[in-house]
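A.B. asks: What follows is each chain in one-letter form.
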Amino acid sequence: MFRSFALVTLLAFTVPSFAGTVTVITSFPKELTAAYKAAFEKRHPDIKLEILNKSTVASIAFVRETAAGQRPDVFWASAPDAFEVLKRDRLLEKAADVVNPKVPAKIGNYPINDPEGFYFGQALAGYGIMANTRYMKANKLEMPKEWTDLLKPQWFGHVAMTAPSRSGTMHLTVETILQGEGWDRGWNQILQMAGNSAQITERSFGVPDGINNGQFGAGPVIDFFGLAGKYSGFPVEFVYPQVTSIVPANIALVAGAKNAAEARTFVRFALSQEGQEILLDPKISRLPVLDYKAFGGRIPAGYPDPAAIAKRSKVQFNADLSESRYSLVQSIFDQTITFRLKELQAATRAIHDAEAKNAAKKNPQAAELLRQARELAFTPVVSAQIADSAEFQKLFASNKKEVEVAKRITGLEETWNSKARANYEKAAELARKAAALLA
Amino acid sequence: MATTATDVAHTGGSMLAALRRSWGVSPGSLLVAAAVIAFLAAFLLYPVGTVFVTAFADADGSFTLGHFASFFTTSLMRESFGNSLYVALVSVAIASLIAVPLAYLTVRFEFRGAILIQTLGVLPLIMPPFVGAVAMTLIWGRSGTVNLLLDEHLGFTVPFMQGLNGVIFVESLHYFPFILMNLIVALRNIDSAMEEAALNLGCRGWRLFRRVVFPLALPGYLAGAALVFIKVFDDLGTPLVLGQTNLLAPQAYLRITQVGLEDPMGYVISVIMIAFSILALWLSVRVMKGRDFTTVQKGAGGLSRRRLSRGESVLAYAAIVLVLLVVLSPHLGLLVLSLAQIWSFAPLPDAWTLTHYATVFADSGFMIRNTLLYCGLAALIDVAIGTAIAYLILRTRLPGRQWLDFAASAAIAVPGIVLAIGYLRTFQPVQVAGVPVTQTWILIMIAYAVRRLPYALRSCMAALQQINISLEEAAEMLGASGWRTVRRIVIPLMAGGILAGFVSSFITAAVELSATILLVVRESQAPMSYGIYLYMQSVSGRGPGAALGVLAVALVALGTYLSHRVVERAQAANAPARAAEVVR
Numbered sequence: 001m002f003r004s005f006a007l008v009t010l011l012a013f014t015v016p017s018f019a020g021t022v023t024v025i026t027s028f029p030k031e032l033t034a035a036y037k038a039a040f041e042k043r044h045p046d047i048k049l050e051i052l053n054k055s056t057v058a059s060i061a062f063v064r065e066t067a068a069g070q071r072p073d074v075f076w077a078s079a080p081d082a083f084e085v086l087k088r089d090r091l092l093e094k095a096a097d098v099v100n101p102k103v104p105a106k107i108g109n110y111p112i113n114d115p116e117g118f119y120f121g122q123a124l125a126g127y128g129i130m131a132n133t134r135y136m137k138a139n140k141l142e143m144p145k146e147w148t149d150l151l152k153p154q155w156f157g158h159v160a161m162t163a164p165s166r167s168g169t170m171h172l173t174v175e176t177i178l179q180g181e182g183w184d185r186g187w188n189q190i191l192q193m194a195g196n197s198a199q200i201t202e203r204s205f206g207v208p209d210g211i212n213n214g215q216f217g218a219g220p221v222i223d224f225f226g227l228a229g230k231y232s233g234f235p236v237e238f239v240y241p242q243v244t245s246i247v248p249a250n251i252a253l254v255a256g257a258k259n260a261a262e263a264r265t266f267v268r269f270a271l272s273q274e275g276q277e278i279l280l281d282p283k284i285s286r287l288p289v290l291d292y293k294a295f296g297g298r299i300p301a302g303y304p305d306p307a308a309i310a311k312r313s314k315v316q317f318n319a320d321l322s323e324s325r326y327s328l329v330q331s332i333f334d335q336t337i338t339f340r341l342k343e344l345q346a347a348t349r350a351i352h353d354a355e356a357k358n359a360a361k362k363n364p365q366a367a368e369l370l371r372q373a374r375e376l377a378f379t380p381v382v383s384a385q386i387a388d389s390a391e392f393q394k395l396f397a398s399n400k401k402e403v404e405v406a407k408r409i410t411g412l413e414e415t416w417n418s419k420a421r422a423n424y425e426k427a428a429e430l431a432r433k434a435a436a437l438l439a
Numbered sequence: 001m002a003t004t005a006t007d008v009a010h011t012g013g014s015m016l017a018a019l020r021r022s023w024g025v026s027p028g029s030l031l032v033a034a035a036v037i038a039f040l041a042a043f044l045l046y047p048v049g050t051v052f053v054t055a056f057a058d059a060d061g062s063f064t065l066g067h068f069a070s071f072f073t074t075s076l077m078r079e080s081f082g083n084s085l086y087v088a089l090v091s092v093a094i095a096s097l098i099a100v101p102l103a104y105l106t107v108r109f110e111f112r113g114a115i116l117i118q119t120l121g122v123l124p125l126i127m128p129p130f131v132g133a134v135a136m137t138l139i140w141g142r143s144g145t146v147n148l149l150l151d152e153h154l155g156f157t158v159p160f161m162q163g164l165n166g167v168i169f170v171e172s173l174h175y176f177p178f179i180l181m182n183l184i185v186a187l188r189n190i191d192s193a194m195e196e197a198a199l200n201l202g203c204r205g206w207r208l209f210r211r212v213v214f215p216l217a218l219p220g221y222l223a224g225a226a227l228v229f230i231k232v233f234d235d236l237g238t239p240l241v242l243g244q245t246n247l248l249a250p251q252a253y254l255r256i257t258q259v260g261l262e263d264p265m266g267y268v269i270s271v272i273m274i275a276f277s278i279l280a281l282w283l284s285v286r287v288m289k290g291r292d293f294t295t296v297q298k299g300a301g302g303l304s305r306r307r308l309s310r311g312e313s314v315l316a317y318a319a320i321v322l323v324l325l326v327v328l329s330p331h332l333g334l335l336v337l338s339l340a341q342i343w344s345f346a347p348l349p350d351a352w353t354l355t356h357y358a359t360v361f362a363d364s365g366f367m368i369r370n371t372l373l374y375c376g377l378a379a380l381i382d383v384a385i386g387t388a389i390a391y392l393i394l395r396t397r398l399p400g401r402q403w404l405d406f407a408a409s410a411a412i413a414v415p416g417i418v419l420a421i422g423y424l425r426t427f428q429p430v431q432v433a434g435v436p437v438t439q440t441w442i443l444i445m446i447a448y449a450v451r452r453l454p455y456a457l458r459s460c461m462a463a464l465q466q467i468n469i470s471l472e473e474a475a476e477m478l479g480a481s482g483w484r485t486v487r488r489i490v491i492p493l494m495a496g497g498i499l500a501g502f503v504s505s506f507i508t509a510a511v512e513l514s515a516t517i518l519l520v521v522r523e524s525q526a527p528m529s530y531g532i533y534l535y536m537q538s539v540s541g542r543g544p545g546a547a548l549g550v551l552a553v554a555l556v557a558l559g560t561y562l563s564h565r566v567v568e569r570a571q572a573a574n575a576p577a578r579a580a581e582v583v584r
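Quick mapping for you: the protein sequence lines, in order, are chains A and B.
Heads up, the first sequence is in our numbering, so the first residue is 1 and it goes up one at a time.
Heads up, the second sequence is in our numbering, so the first residue is 1 and it goes up one at a time.
A portion of the hints provided could be inaccurate.
[To be verified] Under the rule of at most 16 Å between Cα atoms (straight-line distance), these lysine to aspartate or glutamate pairs were calculated in the EDC-like manner: (1) A/30 to B/363; (2) A/140 to B/262; (3) A/407 to B/151; (4) A/342 to B/79.
In short, the hints are calculated from the structure, not lab data.
Looking at chain B on its own, in the form it has when it is part of the complex:
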């Protein structure tokens, strides 16, 4: 980012504000916009375009919409579209039912369970592919622990993992943390004065939550809910594992990955999924339009906190433990699997062992380092770009700025294999220090950044939406440059949201597989997700695969916990000083 010192040198505060309102684009933000556009064009739009061109091309390469016509005349496609929509909508509803009470509980009440929720609550997002599905079926499947026990003691079984409802069950458990994380941040940013005013006016209880607290936290909720919707709509892994083919993402995938057949329909479906994801985002933007969610006072700790009585606290803990037990059941399954010798058609394994961990430590240690390196860098890129896009959209009047959001978010609907093929195709001739870039790990890292950018972006947008512009205007009137304002006012106030974005990028990148598998050119470059995949390819690899999965989950959880601690400490140390600085 460049400085905009010239702005400040020549104009007074109010003039600057006027200029900002009429023009809205400073040279600095133009530069930032150019950088963001360049990144998206080079690493998302162009490479993906080279692959998606198939959807619009006839055999001789000429432009055609014929393949799209085929899509709309096929009843299987219409059915798949309806199913995808149904699954995504219901998953959002169920994820909200889990996430909203948990978020409210942690923010409203003063009790130690809060940190438990904040750390353990994000774990469902870290479910390594393949091994996660195996663990899940071992717990909830047709012959899983729960159903075997039910059958033995009560004489019936429940088809948790069957049909579209099975998909909804797994997706809700998997993605509700997106709502949880963003909502917690949003609730914390609410000005307690609002709540006090409402209380003074006699509004309390459910009405207070419904009319005041929840609406003020709406940006965070919508950010999370939009992510869950788009993610579930575009998700491939869960339906495939549950054998549900009549949804859009599996239909696209099955066609794109069929050996020896180039079926343009797969790409047509992908293009339609992207269009629909953008439409969903646009709708969520429309909902927010014309509403002001900002509050002026920051750093006062959000809602007033209440202590729980002894009885209430027991109740709260019981509820939390129950919810966590359900949402963390795949991880428990994973842990058991990693310690199991043989586990087949039994509630628990026949015998226990530690050898899988020994195997993993002996030959996969370097993968842990690679995961930390790639995902850490990718998440840094994501929050930098996410913050930049959020700022450009919400604080400038750059024409077409909304499309930055849409373009970046489209990445969520691009199948990993498509992105990876696009990279190999595009970056073939590019060399870094004499080595073809396709032979290095740089592309893996950038693929992670691009695929996980939508997560970080939603969090950053939500955080900035809650900051009142008058704080920045105040700083500028006091003579701070644009860059200085961003650095000293905007970013510190957005810190919670940026962290949430970093965490969700990082942890979801850590389990990315579909692009990884294509882009890894040497085993020494492999991250943990690839290692897990490798183990899970063979019968005897299930144990070590699960062990590596457990290590991945533990590592990422530890990282999440530490980053929470760091930010909390920094906020505590900075809060008074920052307030004083703004005033001065």
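Okay, chain A solo, but in the shape it has when bound:
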């Protein structure tokens, strides 16, 4: 009696997982994973591909909390930092043998594969500006071409962006701007763009989603979101500005996986010519890592060429520099932008208003006040000098679980947060003073 009960429970809870199932944990959308599943199973009829879709954060937690031997086989996601975390925790398997030798070593200045051989670029993505054409028409805005276009006063309240702490790719965009323009000028632009933003979205997908449905006018997004929206018929456009970097989305083998041997087969497939061609499907619209020469003219006309974009870009991306100040940049962004957006918006608006008046009726005193207001509002709270100091970077890279470290970081964050708030409030006040002079 009991035995038959146990048997029934057993049947109820298990799904036959025959040898030859490769489980892929990924944050990628269904269109992409479904296309790969179909193509891979057709090529290897004896292997079944099981897709396990979770957000990047949930994926990391899942792999970390699952016992060796039960873990999924392949980790496939955009954010390079996710792979760094897994590598650090020894949850990735080294597998230099799966690399497709035809894939170039670098895109621009950025290495496509992990130099230590733990993860591999599988597709390329660049950040650019996505904009809703109907929204722009209704609000009499012009299609932006460069980041600086989004800083103009007419864009106030129409931009949306996400935070580098929420999106590895946004982090790379911020870092690209910082490296392309220099620390002070870069932050100045980022702060102005954030001042024009209606929202700092919590998910990186929140920006393209909001632009698709017309909640926001424009914002920085990863290319395939922009292109896929356009392809799906939304009234949106996408451009690559001159300051951009092209970075790989990665794939890796999980250590302690269920089916390591056949997992390699899948990774090899994803990196092969056949696997790379799937990316060109307009519904997926991603850029292959494989050199375009290898496709022999099968690249659709007008399809973005990552090598050309990388060449055109003004930035020579320095991955080591980015790595050394990784947490620091995130923290400055969150404390002075994400959590102080309301005050930053108010200051930006006051400055725009006063400047519009000053343009009509020039007043040197007002101009001086506005210069001060701009400086207060759009100067980073941490100078380039301090940010570059090794001691400072080390503090931010150390373990926050240690109370002393946590206390020092929290103390610094507190200072930045309140300083930013005071600066924005003061800037708004100065701008209003200027406006009063012009009235």
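Got chain A; can you put chain B on it based on the hints?
C.D. replies: Here is chain B on its own, set in the frame of chain A:
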């Protein structure tokens, strides 16, 4: 539950009552208490503890309160705390303004709109994550239908969804059904004799409502209001969608889910939210202390009902339709989205289509079955435990019994991802029939039960608070065993509240996502909420995601409606018989 036949065999009725008063704990209730404690310890306290330990640990694992000190010295944290408190309090006030008149209307007056309110009124609770937010912004957002129309015809827009007030707007619309459901049950349980006595003494109108009816229904109202308060205080989804980060729950979440950074502050905030939620509950218990809300007569249908005149009835319908239109606007948005081809910066979509439904039916049918299975089982567990805890707290003198309530209710403040990580960590070595339990759907179902237990518990507590103990004493004096009394007297009298608890557990579990997303290990195990999430990850998935959302809402609404019908029928059939039995 075990029987307590020994009690009855040896003692007479009055002796038993005396024993109950002095000791208050029968072996049966001890057993029940042990079972409840075991459940809470295994599936809530221990797993969550394994994660929250970070808040109290230094890097080397030693105990420290240093992280808490950091919390209190940070002005951003103090600001967030103030904002959370403000949003929660104002949301309770606005939710009450919507719920109290609706509840009174349905109970006091005899008209067909009542069933409309009771069924449609709970729909706001069923708002699938992500897709619900999209639907809401498409209606009320900056470029939503309402604002586009306002701008076109009147030349101005209203920032419904901006700032803290936007959060309050959405939260009130979303959670007022908690008050509505519990208040309706409470109003129905009021003894009409009370009202008649008041009327005889010349008390009527607003005064009658304020001095007699509302105070008698207070347990139900407070149960609902406490839930709304705690839920809004701890809610994460709405502030995040509206881009409001300076509240406690988003602050905790943003820190816990930041890739590659283990920030103990996130867990510190969670612990503080739990403490505060328990404090709020404790306060609501204090308010009730020393008051008696019970009435002896049951099953007489509560307040006397009045028919509406023609004019009044038109007015009532107009009011109800207006309120329902506002509170159901996200669902209308969802429906439109599910039928839309492209909907962007326009009051309505450019073109209509049914293909999204075809897509959903083709590849997500099994998810509907999974949702029904997991949520149904979870809600059953919830009402069983909820009834048990309510009984232990209100009918026994078990020392520390109040902590059962607090412990169970703390679940509301535990972020789903924390619970899920705790489960994976704790149940790794546990096997069910040779399969690791983490590979099955059992944990998903139990996570639902634990996360939604506070809802069912509040309803069960409120229901039992309104039952006069003399009914049970009467039964016991007539020789019924403790278990028999519970089964034949207490549970039937609590039926309305238990049902309300079942419904709120079930429907809110159906849209749970944060724990689900981590605990699903195979697509075939996925419930609908996961399917919706999956679709909403991509640009072309919005339509199918919305279609699946509509199916989820329709399914849950149908379930709610049917369970109301079943209970009403059962009550109608049982009422006379039950009364006769008690007498005999």
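A.B. asks: Take the hints in turn and mark each one as holding or not.
C.D. replies: To see whether the hints hold, each was checked on the structure:
1. For the suggested pair residue 30 of chain A and residue 363 of chain B, the alpha carbons sit about 12 Å apart, so the restraint of at most 16 Å is met.
2. Taken as a hint, the residue 140 of chain A and residue 262 of chain B pair is broken in the structure, with Cα atoms around 45 Å apart against an allowance of 16 Å.
3. Taken as a hint, the residue 407 of chain A and residue 151 of chain B pair is broken in the structure, with Cα atoms around 49 Å apart against an allowance of 16 Å.
4. The hinted pair formed by residue 342 of chain A and residue 79 of chain B meets the criterion: a straight-line CA distance of about 13 Å does not exceed 16 Å.
The structure fails hints 2 and 3 (numbered hints given earlier, in ascending order).
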